[in-house]
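A.B. asks: The chain contents come next:
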Amino acid sequence: MGFQTGGVFSCSYRIEHPDGRKAFLKAMDFEAALSDPDPAGKLKELTEAFVFERTIVELCGSRKLSRVIRALGSGTTTPPGRGVVQYLIFEMADGDVRKQLSQMTNFNLLWRLKCLHHLFVAIQQLHGSQIAHQDIKPSNVLGCGKDGHKIADLGRAWHAMIASPFDGNDCAGDTNYAPPELLYSGAAIAEEERRRGADFYALGSMIVFMFTGLRMTAALMSAMPANLRRTHTTESYANVLPELHHAFGTVLSQLRASIQNDELWVEIKALVEQTCNPDITKRGDKGHTAKIGSRFGLQRFVSKLATLCARAELGKFGAV
Amino acid sequence: MKSFLGEKDRKIVPRWRGFRASVGNTQNETPKLGDRVSPSLQSNVDDWRREGTLWTALDAVAGAIVEGRLDLVTDALSRVQVDPQTPPAALAILVEHERNNSVHEDADLPVVARCREQIRASRIRLGEYPYDAIEWIDLARSFTTLGSLEKARRSVAAALTLAPADVFVLRAASRFYIQQGDPDHAQWILTKAPRTLRNPWLLASEIAAASVAGRESQLLKVAERMERADFRDEDLTELRAALATVELDAGSQTKGKRLLRRSLNGANENALAQIQWMDHTRLGNIIDISGTKPPNRHEAAAWKAFFEGNWDTSVDKSLSWFQDQPFSVNAGIFSSYVLADILGRPDDALAILDISLRANAEDVTLLNNLAYSYIQIGKIDIAARVLESIQRKPDNLEYATLEATVGLLAFRQGLPDEGRNLYENAIKTFQRGGAQDFAARAAVYLAIEEVRARTPNSALAVKRAFDLTKDNKRADVAAKIQELERIAKAWLSEEGAAVESGL
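Quick note, the sequences are listed as chains E and A, same order.
When we follow this note's numbering, the leftmost residue of the first sequence carries the number 1, and every step to the right adds one.
When we follow this note's numbering, the leftmost residue of the second sequence carries the number 1, and every step to the right adds one.
One chain only, chain E, in its complex shape (with noise of 0.2 Å):
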């Protein structure tokens, strides 16, 4: 079955090798890059997003990065009636966070706290690999059965040395699920900085999520004045700061009013305002800078996020 997921120029199938393993082909479809007004220039793009991906998805195979969702393999071929199709085999997962949220009936603190937990060591993971990967959302968070929670789709990520065709973009991944110094203009901001800020962003975005079911960025604008919302304004990042720290104010009061338990909500607060504060140079964790020299290091997060994990184990937390 084909189905089309996020990017207009690549299809993505369930496949079934004859042994029975089951794996997920990501296929370019460069015959569509054709109806593009600029197929020339369309297709060098493709093709470089298409190498770009490979690459880093190699390199994450490579270091054995074990929340990075597994290439099994790369290759071309030429379909009945069309040309050729540039493909990438992942391993196969059972689904999104969102789809395995929809199937629970009760509120499982535990399995959202590990499903963080994993997300936040597959990004460590890449960091440390010097990639960001710069499209953190649900949509991109597997669940793969007894292994956990993995992280997905490597083509919007931004490597230290290795040149994607999308480094020119301020935001690579899904604006909508971008920080707001991606969303105002006018915020001058080193790159490397930016990347893995944003990537900061989507990880406390995605605990936000769990606990609302909406994304910071949503919930962020949610709160902002209709007419300080990035559609209706071209006010810079720096004159809205204000507003937007106003805004996370009362986002932190909404999630407050969803965690009852005074000591979870201490941590999640401490997660979420270190992670996806509005402000970029207020994110991260100053301890880590004399260590690794960036305070964008995720180990206390993800020891935090371990011990919490314990904690939920033991009924710490009760009700929640």
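Please note: incorrect hints may appear among the correct ones.
Said to hold, decoys possible - Across the chosen pairs, the derived CB separations fall in these ranges: (1) A:192 x E:188: 21 to 29 Å; (2) A:98 x E:82: 41 to 49 Å; (3) A:117 x E:167: 22 to 30 Å; (4) E:40 x A:95: 46 to 54 Å; (5) E:15 x A:101: 44 to 52 Å; (6) E:167 x A:229: 18 to 26 Å.
FYI, nobody ran anything at the bench for these hints, they're computed from the structure.
C-beta atoms are modelled at their ideal positions from N, C-alpha and C, and glycine is treated no differently.
Add chain A to chain E, keeping to what the hints say.
C.D. replies: Below, chain A alone, put in the same frame as chain E:
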């Protein structure tokens, strides 16, 4: 007698409303992204259509919120709103989204209860997240209204530390300092903010603060250039009104008139009140403002009804103005004056003064109105204590007003000679200061008291009151004259005597 000062020198100081009610007036309101639907939102919508689960519905709604296109996902939104599995926080976020589409503040609660509730809520929020300058300002506003001025000052300082260049914070802070009688500081925080040179809202506030401080802004040239620059009329209206005020105060009628007319384009309620005021007091009602109807135009409507002698409307609008700006000394003075003096509702005036004096405890005019209202309901001792507590500054108009009110008190205490002397002194002080309006009104009040007390001086006092007010066109004076006529007629029919005044 009642005083009614502050009428001559309205400046266009910024309004101070809660954040939610404020920003609608100061920022762009036109969507800039048009109708384009991003591939991202389309992908969210496709996922929702294909899978039809609550969590894909939530994702589609979230994407639509970010792009301002909830119209595309009405089915997903309905699912989210009715599905029992929807996280309560998602519903709260959607409610917040809807509330923020409106610029109106919740005003169901009475002022004091509302402020207390807002303080409680702000404290909780700031306890969770203290880096929110806007919440500090909202907290300061509630503290100011309730008269906790030191707490308000600290809250404003915290906001300025966190967001020293924010338009809402700077304008509210400058309003606070003007409110506290420190226009120099109000001007200073605006002058030192680099954004003031680029933002018409801040520049208008700076010019107003300078005017209140009694000096000319150093940024007038910048303002004149900005007034002609490429901004929306809505963003320039207060700047143009501020410049017009400076020009008219300096006697430049032509330029002031032109600026006032330009200010009318896209006028907000504050600019409208200023235009109406300057037009009425300086130009003689030559500008037609009837086609301009911004939201919350309570002050302008209150004054308009006041000028026309439409007292019920005037008091209704002034009460809305007071609800909107409960810390505003002018709103308090206006409401209490019309209620106590014109409409004869001193109890209602006392309720207003109870709130207004919290933020303006030392305001002489409010205290004077308080004493007057107490006199009207017969609480003479309390009125005497209020009047004794006021710091007097001889030889100014406020002092003369107070002296007249003490004269009223003396009459009601059964001491007409003392009362008459005090009124006469007040009238002389008004006349010496060129305040003929005030002198005439004091004469009317004196005549009313003379007649009420049936003193031998009644006829003379009535005649002088009519003489001094015969050219007066003010509706409030006319109302007092009518009252005097009513009282005098009753007295004449009682006495069966003729008076030279021709009644």
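A.B. asks: Hint by hint, note whether the structure agrees.
C.D. replies: Taking the hints in turn, this is what the structure says about them:
Remark: the range hint 21 to 29 Å for residue 192 of chain A to residue 188 of chain E is upheld by a beta-carbon distance near 23 Å. Taking the beta carbon of each, residue 98 of chain A and residue 82 of chain E are about 48 Å apart, inside 41 to 49 Å as hinted. Checked against the given bound of 22 to 30 Å, the beta carbons of residue 117 of chain A and residue 167 of chain E, roughly 51 Å apart, lie outside it. For the pair residue 40 of chain E and residue 95 of chain A, the beta carbons lie near 50 Å from each other, so the given range of 46 to 54 Å is met.
Our hint of 44 to 52 Å for residue 15 of chain E and residue 101 of chain A holds, since their Cβ atoms are close to 47 Å apart. Remark: the range hint 18 to 26 Å for residue 167 of chain E to residue 229 of chain A is contradicted by a beta-carbon distance near 37 Å.
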